[in-house]
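Taken in order, these protein sequences are the chains called X and B. Whatever position you read off the first sequence (first residue = 1), add 40 for the working numbering. Whatever position you read off the second sequence (first residue = 1), add 41 for the working numbering.
When the alpha-carbon atoms are kept at most 20 Å apart in a straight line, the in silico SDA-like pairs for lysine to any residue are as follows:
id: 1; chain 1: B; residue 1: K98; chain 2: X; residue 2: L136
id: 2; chain 1: B; residue 1: K52; chain 2: X; residue 2: P81
id: 3; chain 1: B; residue 1: K52; chain 2: X; residue 2: S82
id: 4; chain 1: B; residue 1: K98; chain 2: X; residue 2: Q140
id: 5; chain 1: X; residue 1: K118; chain 2: X; residue 2: E101
id: 6; chain 1: X; residue 1: K95; chain 2: X; residue 2: S116
id: 7; chain 1: B; residue 1: K98; chain 2: X; residue 2: Q137
id: 8; chain 1: B; residue 1: K98; chain 2: X; residue 2: T43
id: 9; chain 1: B; residue 1: K98; chain 2: X; residue 2: A139
id: 10; chain 1: B; residue 1: K98; chain 2: X; residue 2: Q42
id: 11; chain 1: B; residue 1: K52; chain 2: X; residue 2: Q84
id: 12; chain 1: B; residue 1: K98; chain 2: X; residue 2: G138
id: 13; chain 1: B; residue 1: K52; chain 2: X; residue 2: R83
id: 14; chain 1: B; residue 1: K52; chain 2: B; residue 2: D65
None of these hints come from the bench; they were simulated from the model.
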Amino acid sequence: AQTVTQSQPEMSVQEAETVTLSCTYDTSESDYYLFWYKQPPSRQMILVIRQEAYKQQNATENRFSVNFQKAAKSFSLKISDSQLGDAAMYFCAYRLQGAQKLVFGQGTRLTINP
Amino acid sequence: DTGVSQNPRHKITKRGQNVTFRCDPISEHNRLYWYRQTLGQGPEFLTYFQNEAQLEKSRLLSDRFSAERPKGSFSTLEIQRTEQGDSAMYLCASSTGTGGVYGYTFGSGTRLTVV
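Could you build all of it, start to finish, from the sequences and the hints given here?
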């Protein structure tokens, strides 16, 4: 079974500092996509960043970047220069190429301290 | 088009009653998904439509659950004889044919409370 594990239920960081959220996944397949989604309180889930498994280069979107280690099946999210608006639940998700469903982790609640 | 719209935002119902939720996807998106999210957990896949065809259903979708997408536009998710364990946030998402690469667009969800 495909699983996604986020081992940090909660994280906190000082405003303007850097924080890294962890994610590991389990699959025997080689072609898949990985995503980080952000879910602010009482608001819709939005895509933060995505990574194709066949790409060795780590994805970057402004202050957000990932560290993708395919052999270790690890996909961590780094948020630089944390802002108050980054406070949310963050979910790591996985999708096999050719499949439709996303498999989500349990989420990490990120708090930003002013 | 302002994104994926879900109605109602909140629903409180008595155990045993039937409820129906509606999802209006982004108009040019031909794929539509339903997920269930319980408190403190990540979303879990329920079902997927491509146009009007329901192509995949999770084991989570018991026979009390039914989803439709007539004419490939909006979708409804009905839960019959609700149970307290059905209390959750029900999320709808939509995508284009390449949405699996670029991710879905999610709605704000319908929070169901069964009392």
